Amino acid sequence: MLKFPDDTQVRLNGLEDVFAEVYGEGMKPTDKTAEEIIRRLEEKKNYIPDSERVRREYTYVLLREYRRYLDDRSGKMR
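Residue numbers for the sequence shown follow my numbering, so the first one is 1 and each next one is one higher.
Keep in mind that the hints were calculated from the coordinates and are not lab data.
Since this is a predicted model, take the numbers as computed values, not measurements.
Don't take every hint at face value.
Stated by the list, open to error - Below, simulated DSBU-like cross-link-like pairs (lysine-lysine); rule was C-alpha separation at most 30 Å, straight line:
(1) Lys-28 to Lys-45
(2) Lys-3 to Lys-32
(3) Lys-44 to Lys-28
(4) Lys-44 to Lys-32
(5) Lys-32 to Lys-45
(6) Lys-45 to Lys-3
(7) Lys-44 to Lys-3
(8) Lys-28 to Lys-3
As the list claims (entries may be wrong) - Restraint-style ranges between C-beta atoms, simulated for each label pair:
(9) Glu-52 to Gly-75: 18 to 28 Å
(10) Glu-21 to Arg-64: 10 to 20 Å
(11) Tyr-47 to Gly-75: 17 to 27 Å
(12) Gly-75 to Asp-50: 33 to 43 Å
(13) Arg-55 to Gly-75: 23 to 33 Å
(14) Tyr-23 to Ile-48: 14 to 24 Å
(15) Lys-32 to Pro-5: 32 to 42 Å
(16) Glu-16 to Tyr-47: 15 to 25 Å
(17) Ile-48 to Asp-7: 25 to 35 Å
(18) Ile-48 to Arg-68: 16 to 26 Å
(19) Gly-75 to Pro-49: 13 to 23 Å
(20) Gly-75 to Arg-53: 19 to 29 Å
(21) Val-54 to Gly-14: 26 to 36 Å
(22) Thr-30 to Ser-51: 33 to 43 Å
Each residue gets a CB set at the ideal place from its N, CA and C atoms; glycine is no exception.
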């Protein structure tokens, strides 16, 4: 479940799987990685609007969550 700054929540099918895939490929939390995560989520039939503004919001939230995922894997405390 992604939570946006305005408290909107969105459930995405396969998000954990996609995070595991990009983590396994050694991808760092960058805008390019966020674009790849979005592409893979769309392949899993998740709808993500084409609006540039919305995609920027998704990029921000996905990178935040991917960083948390990486921290969890490395044992870092938030």
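Hint-by-hint comparison with the structure:
A hinted pair counts as satisfied when its Cα atoms are at most 30 Å apart, and Lys-28 with Lys-45 qualifies at roughly 24 Å. Between the alpha carbons of Lys-3 and Lys-32 the distance comes to roughly 21 Å, so the proposed pair stays at or under 30 Å and holds. Annotation: proposed proximity of Lys-44 to Lys-28 holds, straight-line Cα distance about 22 Å (limit 30 Å). Restraint check: the Cα-Cα separation between Lys-44 and Lys-32 comes to about 19 Å, which is no more than 30 Å; the hinted pair holds.
At most 30 Å may separate the alpha-carbon atoms for a hinted pair to count; Lys-32 and Lys-45 meet this at roughly 20 Å. With a C-alpha separation of about 19 Å, the suggested pairing of Lys-45 with Lys-3 holds against the 30 Å cut-off. In summary, the hint linking Lys-44 to Lys-3 is supported, as the alpha carbons are separated by about 20 Å, within the 30 Å threshold. The straight-line distance between the Cα atoms of Lys-28 and Lys-3 is roughly 21 Å, inside the 30 Å bound, and the hint therefore holds.
Checked against the given bound of 18 to 28 Å, the beta carbons of Glu-52 and Gly-75, roughly 36 Å apart, lie outside it. For the pair Glu-21 and Arg-64, the supplied restraint of 10 to 20 Å holds, since their beta-carbon distance comes to about 18 Å. Evaluation of the 17 to 27 Å hint for Tyr-47 and Gly-75 yields a failure: the beta carbon distance comes to about 35 Å. For the pair Gly-75 and Asp-50, the beta carbons lie near 38 Å from each other, so the given range of 33 to 43 Å is met.
Evaluation of the 23 to 33 Å hint for Arg-55 and Gly-75 yields a pass: the beta carbon distance comes to about 32 Å. Hint check: Tyr-23 to Ile-48, Cβ distance near 20 Å, so the stated range 14 to 24 Å holds. Range check, Lys-32 to Pro-5: about 22 Å between beta-carbon atoms, so the 32 to 42 Å window is missed. Between Glu-16 and Tyr-47 the Cβ separation comes to about 18 Å, which falls inside the hinted range of 15 to 25 Å.
Restraint check, Ile-48 to Asp-7: a C-beta distance of roughly 19 Å breaks the suggested window 25 to 35 Å. Roughly 20 Å separates the CB atoms of Ile-48 and Arg-68, a value that falls within the hinted 16 to 26 Å. Separation of Gly-75 from Pro-49 is about 36 Å and departs from the stated range, judged on CB atoms against 13 to 23 Å. Our hint of 19 to 29 Å for Gly-75 and Arg-53 is violated, since their Cβ atoms are close to 36 Å apart.
In this structure, Val-54 and Gly-14 break the distance hint of 26 to 36 Å, their C-beta atoms being roughly 19 Å apart. Taking 33 to 43 Å as the suggested C-beta distance range, the pair Thr-30 and Ser-51 does not conform, at roughly 21 Å.
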